[in-house]
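Colleague: One-letter residues, chain by chain:
Protein chains: 2
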Amino acid sequence: MSLKNIIALMLIVMALSTSFFAQAQPHPNLILTQSGVEKIRKNLGSVPLFDDTVQRVKQEVDAEIALGIDTPIPKDFSGGYTHQRHKLNFLIAQKAGELYQITQQKKYAKYIRDMLFQYEAMYKTLPVHPQERSYARGKLFWQCLNDSNWLVYMSQAYDAIYNTLSSAERETLENNLFRPFADFISIENPQFYNRVHNHSTWGNAAVGMIALVMNDDELLQRALYGIEDDGLDLNARDNDGGLIKVAGQKAGFLANLEDPFSPDGYYTEGPYYQRYAMYPFLIFGLAMHNVKPEMQVFEHKNNVLLKGVDALLNLSDADGEFFPLNDGQKGMSYYTASLVTAVNIAYHYGEKNPQLLSIAEKQNKVLLDESGLSVAMGIRDGKAQPFVKSSINLTDGQNGEQGGVAVLRYGNEDLTLVFKYAAQGLSHGHYDKLSYSLYEKGDEVLQDYGLARFVNIGQKGGGNYLKENKTWAKTTIAHNTLSQNEQMHFNGKYETASKHHSELYFYDDANKQVQVVSAIENNAYPGTQLHRTMAVIKDDGFEKPFMLDIMKINSDSKNQYDFPYYFMGQVLSQNFEYESPKVLKPLGENNGYQHLYVEGKGQPSTDSTQFSWLGNGKYYTLTTATKKSDELLFTRIGANDPQFNLRRDAALMIRRKDTDDTLFVSVIEPHGSYSPVSELSLNSSSHIAQLEVVHDDKNYTGVSIQDVKGKVSLFILANSDASPAKQHQLEIGGKTYNWKGSYHFAQWY
Amino acid sequence: MSLKNIIALMLIVMALSTSFFAQAQPHPNLILTQSGVEKIRKNLGSVPLFDDTVQRVKQEVDAEIALGIDTPIPKDFSGGYTHQRHKLNFLIAQKAGELYQITQQKKYAKYIRDMLFQYEAMYKTLPVHPQERSYARGKLFWQCLNDSNWLVYMSQAYDAIYNTLSSAERETLENNLFRPFADFISIENPQFYNRVHNHSTWGNAAVGMIALVMNDDELLQRALYGIEDDGLDLNARDNDGGLIKVAGQKAGFLANLEDPFSPDGYYTEGPYYQRYAMYPFLIFGLAMHNVKPEMQVFEHKNNVLLKGVDALLNLSDADGEFFPLNDGQKGMSYYTASLVTAVNIAYHYGEKNPQLLSIAEKQNKVLLDESGLSVAMGIRDGKAQPFVKSSINLTDGQNGEQGGVAVLRYGNEDLTLVFKYAAQGLSHGHYDKLSYSLYEKGDEVLQDYGLARFVNIGQKGGGNYLKENKTWAKTTIAHNTLSQNEQMHFNGKYETASKHHSELYFYDDANKQVQVVSAIENNAYPGTQLHRTMAVIKDDGFEKPFMLDIMKINSDSKNQYDFPYYFMGQVLSQNFEYESPKVLKPLGENNGYQHLYVEGKGQPSTDSTQFSWLGNGKYYTLTTATKKSDELLFTRIGANDPQFNLRRDAALMIRRKDTDDTLFVSVIEPHGSYSPVSELSLNSSSHIAQLEVVHDDKNYTGVSIQDVKGKVSLFILANSDASPAKQHQLEIGGKTYNWKGSYHFAQWY
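Here the protein sequences come in this chain order: W and E.
Using the numbering used here, read the first sequence as starting at 13 and increasing by one per residue.
Using the numbering used here, read the second sequence as starting at 13 and increasing by one per residue.
Hints are computed from structural coordinates only; laboratory data are not their basis.
There could be a bad hint or two in this list.
Identical chains share a label here; the pair holds if one copy fits it or two copies do between them.
[Stated by the list, open to error] Calculated pairs, BS3-like style, for lysine-lysine (alpha carbon to alpha carbon, straight line, at most 30 Å):
(1) 721 to 99
(2) 723 to 319
(3) 122 to 401
(4) 723 to 550
(5) 639 to 482
These figures come from a predicted structure and were not determined experimentally.
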C-alpha cells in the first residue's frame, strides 16, 4: 500500500467516522435540521421570498465579514459602541450559520469559528461588566439579559458549524466559553435566572439552547426547571421595582411558559414585552421540538405558545403596531424580527393558517429555515388570505382568572377600543385599572401614553427607563381612567397591586352594531367600586361607529374624582367657557400630577358638555354628561420635565369634587375628515344633540343619546346581574322596558 | 307643400342656421375645442389614465345628479353648508360639461342647463351676502373671490352646452345672470377687481372667461386691462391689511400676469398662493390661446406662465408639499387639483417635458381635455421620466430685481435648504427677511411655521385667517432669522416692508459638494445690516450633507439679538447647563414674543455650543459658535393662545445682548437614524468636535469646522466683493490662503 493510498484510506475512515458521529448526534439539529436543510437546498431558486431573503442576508453578512471581526472590551450601556457591536456579532453569526448550511460556502463557517474563538480567548478572564446599574450585571453587556440574548443566537451559530469543528475545538469552546457562560447567567445570577419574568425566559432559553447543542443534560434540566436552591431573598427587587422572588413559585422555562401566559395566549406584561419574549419562547420551543419532540413543548398548556402568536397579532392596530399597554414603546409592530420568527413558526408548526401568510407578505422576509421556506412557498402558491382582526376578549392570569384585555373592533378596524381590566402585569405594569385607548384605523384617537424611555438611545438615560417612567408613565392620571383624590391605584404600591385584578362583568360582541364589555374594580381604591362599561356602537344616523363609556362609581366616602381624556390632535371647539391662565403651573405635586400643566379651566354650561378636536385629518367629538359643579381642565404634559423626556400631549379632564357615588357617561364620536390638499372640510360637527342619564340606581343605569335629527338611542345596563338568561323590567319616564340579558338597546324617533 | 313638409323645411332651415351660427362662433371653444373633443372621442378606451379619470368623474357627477340640484340662499362662511354647496355646484357643473362633450349624453347638458336657470331665477333679486367680514362681499359667497371662482368654472360649463341652448335661453342667462354677475365682481367691486393681487386675477379671469363665451368684447377689454376709472382710495386696505391701490399701477389680467411673477416664474406671494392663482392664470391663458391665439398670452413675458409651473414644482419638498413661505398652509402639495391643471397645460402647451409626466403619474388623474389626453397618452407610451429637483435660485419682483428665493439641494433631496431673501410678498407676506427652513427628504428639520389658519374649517374663526396669523405667524420671531430688540422687521409695517427687499450677494451651486447662497438686508432694522451666507456642504467625513450658516451683523447701535432655531422633534442632549422654570411665562409682551413660553434658560459652557434632537426617526445636531455671555433659551409656542390656535412647537434661541457688530455661525448636521421597530440607534452623535470663527473683519469671515477625527474644514467668505474673478489673499493663524471668487473652502488633517 503506497503512502498515497494509506492517506486516501485514512481520509475515507475519517469521513466515515464523522458520518458515524453525525448519526449519533446529527448537526444541525437545533433550529435547522438535516432534512430541513436538504429541502431548502432543493428548492433554492424557485421560492421568490425565500430567495430574496437569502440574498439580503448574504449582502448583510458579507458586508460584516468584509469589515472583519471585532470583539471589544465591554464598557457601554445599550446606546454605546461595545453594546451595539456585541449585539451585531451574535445577530450576524446566527445568520452566517444559516448561510453556511444553505450555501455550503466555507467562509461563513470560518467567520463563526473565528469569532467564537475570539470570544473564547476573551471570556476566560472577562470580569463583570463595568456599568453597575443592573440588578444582574452581565459580562459582555451591562445586564445578564443581553448576555442571554448572545447565547440564544450563538447556540444556533455553533450548531450550524458543529460538524466543521474538530472535537478538540469543540471541547475548547464548550469548556472555556459556553459552559462558563451558561453558568454565569444561571448559577451565578439566580436573581436574574430563577424567576417568572421575561428576563428569566431569555436566561432559561439560552441555557437550554446550548445544552441541546452540547447534549448536556444537566444544563437542560436547569433550563427547563430552574435552580433548585437559589438562596434568593424574598424582599429583593429588580431595577424596575419588581419582586425577584415569590414564595413557592417554580422557576425555569416550563414555569415561565406556564405562568405569564393566560390560556388565551395573553402575556401578562403586555404586547410590547410579549413581542420581546416570544423569540426565546418560540426558538427554544422549536429547538425542543426538533431535539426532544417527546417533551411536546409546543403542545404545552393546550398549545399556548402558538395561541400566543395569534393573541399578539390581535393586539395590534390597523398598521400592525402593538397597543402600548403597560411599558410599551410606541411604533413597535409586527414588522419586527421576532414577529417574523413568530409568524413563520406559528404557520409551519401550527395549522398552516393562510391568514398568517398575508402578515408574512407584509413583513417581506422569512426565516432561513424550514418554517420560512414553508411560508415563502405558501405565498408563492397564492395561499395568502387577509389577516382579519375581529373583536376579541383575552383573559389574563395563569388560569385565565385574573381579568383580561378586551378589544372591540367595528368593521375593518374602523374603530378599535382597547379596554384593560387585567392583572398588574409584573414589574412593567401600569397603575391603570379599567383604562382604555381608542383607534381609528392605525391612528390614535385617545392615547395610552406608553413608556417613558428611548430604548437604546444612549443620550436619554443610557437608553434605559427614565425617571419619568415611574413619575409619569406608570401613574394613574397618565391614563384614560379614574383617579381618586390625586392618588394612584393601590397607592402605586406594586405588592398590593400584584395581589389584585379587575373582574370581567360581561363581554358581548354577538351583535356587531352594539358590542359591549364591562368590568369591575374593587381594590384600586379601597372603599370605592369602579364599574366601567364600554360599547362600540354603529348607528345608521352616524357616519362612523362611536364609543359609549359608562363609569359607575360607588364609594363609602366623599372624594375628588379626575377623569381625563388624552385626545390626540388640535382643539377645535367646545360648548363651555374657560379661563386661560397667564402662566402655566403644574396641576399637583406628585403621583403624575406634577407633570401636568393647566392650560385652561372652566365649568360646564349645559348637561351635555361637548368638545371637538381634529387629529390626523379626522374630526372627533366628546359628548359627556356633566354637572354644573364639575371643573373642566385643559392639561398638557411637560411640567417638571427638565430633560424634555415627555411628549407635550394634551388632555381634557373632568374634575368632580366632594362626591361619593357618581357616574361619568361619555360618547367619543369620530366624524368627517379634512384634507390640506383639497382643503375640503367634511362632516365636521357632532351628530349628537344631547346625552342624558335617564336612570341610575343600584340595579340599572340608563343613558339616552339624542341625535341632531331627533332619533333617540337608549342603552340600559343591568348593574347587578349580567347573566344572559335573566329577564329584566324597568320603567323610565312612564315607559316600560322588558329585555333579557345584561343590557338593553332601543331606538326611536 | 303639405304642412308636414313645411315643418320639415323649417326644421332644416333652423338646423342650418344653428350650424351657421356655430360656424361663426363654434362651441365649445374655451377650454375644450371641437377638434380636441373629436380627438378625445376617437381615443376613448385606449388611454388608461384618461379613461380612468373619465370613469371617476362620471361616478362623482352621476352621484350629484342623483342627489338633485340645490342652490340654497347664501348665508354661511367658508366652513358652512351654503358655501360648500355653491362651491360643489360650480365644480360639478364644469365636470358635467366635460362629460357632456366627451360622452354626448344629454343628461349632463340638462343638469347644467337646469342649474344655470335656477341660478338665473335666484340671482336677479339676490342681495349682497349677509356675512359682513369681507372688504368685498360677494353674492353667492361671503367674498367676491369665491363668486369669481364660480364664474370661472361656470363659464366652462356654459361653453360646453352652449350649442344645446336656444338663442332665447342664452339671452336669458346672459342678460339676467352672467353679465350682471360679471359687472358685480368688477364694476361694483373695483377694490376687489382692480388690483394686482391673486384675488383680482380670479376676478379678471372670471370676467374674461365669460366674455369669451359670450363673445363680449367690452367685458374682454375689462378683463385684460381692468377698469379705467375705479375711484379707489389710495389708503384703503383689504382684510389682510394689504393696500388696495398703489398709485400708477395698472390693473387687469395682463397687469396681474406682468407684476407678481418674476421672469423666473416665482410668484411674489409664495407657492401656497401661486398654487391657488395658477388655475385662473392658466385656464384663462388657455382660453385666450384657444379663442384669441393672436394675443399670445402663453408667450407673454417670455413664457412666464409655463415657467411659473416649473418654479412652483421646484418649490416643493420630496413629498411634493409646497414650502410654506409667507402665508402657506402646510400639507398643500402638487397633488391638489390646480396642479393637475398646471402640469397638464404646461406639458401639452409647453415643450412636452417628459419629467412632468412622472408628476402626472403620481397625481393619478388628468384634465378631461386635450392637454389631459396628451399627458395620459405620454404616460401610456412610457415617456415619463423622474422629475429631478436640483438647486435653484429664483428671482423675485416684476423684473427679477427684488431679491429672491434660493433652494439648495444635495443629492436626491437628501438635504434641502430654502432661503428667503425676497420682497415682502404683498399682503400675505411675512416679516422674515433672510429666514430659512431645512428639510431632509420630505421631513422638516427646522420649520417655517406657515400660516395660522384652518382653511375652510368653520369652527376655527369661520375657516378664515385667525388673529394669531398676525400676532404670531407673520412676526419675525416666528422665523429662523434675526430679531433685534424684540421688534419685527420694518416694525411690522406693511407699507415700509413693501418698499424694500433683500439683495442677493451671490449664488453658486456649481460645486455640488459646497453650494452657497448669500444675501444682504439693509432695511429691516435701519442702521443694522444683516448679511447671511448659507451653504449646503457634503464632506466625506460626515454621513450626510450638513448646512453652514453665517449671519454677519453690522450695526451703528448696541442691540439685543435673538436668533432662534425652530427644530422639529424631541430634545436629546446639549453641552450646556440650563435652569427649568417652575412655572411657564411668556418671553415678551408683543411682536410674537407673547406667544412663546420659556421652558429653559442657560448659558454656553464652551465656545461650540451643541444641541441634538431626534425628529422623524433621524438625529440632528446644531453646533454654534457662542459667547460666554449669550443666553440660551428653550421656548415653546402656545402662550396667550386661549383658543389653542397654535401648534405647541419648540425652539432653541440664542440671545445676545448689548452688542453692535457680531456674528452668528452655526452648523445644522443631520446624522443617523432610529427605528422603533428594530430599536436600532445608529450614528446618534455629532461628528463635529469644534466650530470656530478663525477670522472676522470687514473684508473676510473665516470659519473652521473640526470633526471628531481631527479633519478641519475652513470656509472663508469675502464679505465685500463677491465677483467670481476677484483674486483674494488672507492670512489666518500664520497661514496664507489665496483664492479667486466669493468664497474659499479648504480641508486638511
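Colleague: Run every hint past the structure and note whether it holds.
Modeller: Hints, verified against the model:
1. 721 to 99: Close across copies (25 Å), not inside one copy (62 Å); limit 30 Å.
2. 723 to 319: Classified as neither: same-chain Cα gap 43 Å, cross-chain 56 Å, threshold 30 Å.
3. 122 to 401: Neither, since 46 Å and 47 Å both go past 30 Å.
4. 723 to 550: within (14 Å within a copy, 65 Å between copies)
5. 639 to 482: neither (33 Å within a copy, 38 Å between copies)
Checked against the numbered hints given earlier, this structure breaks hints 2, 3, 5; the rest are met.
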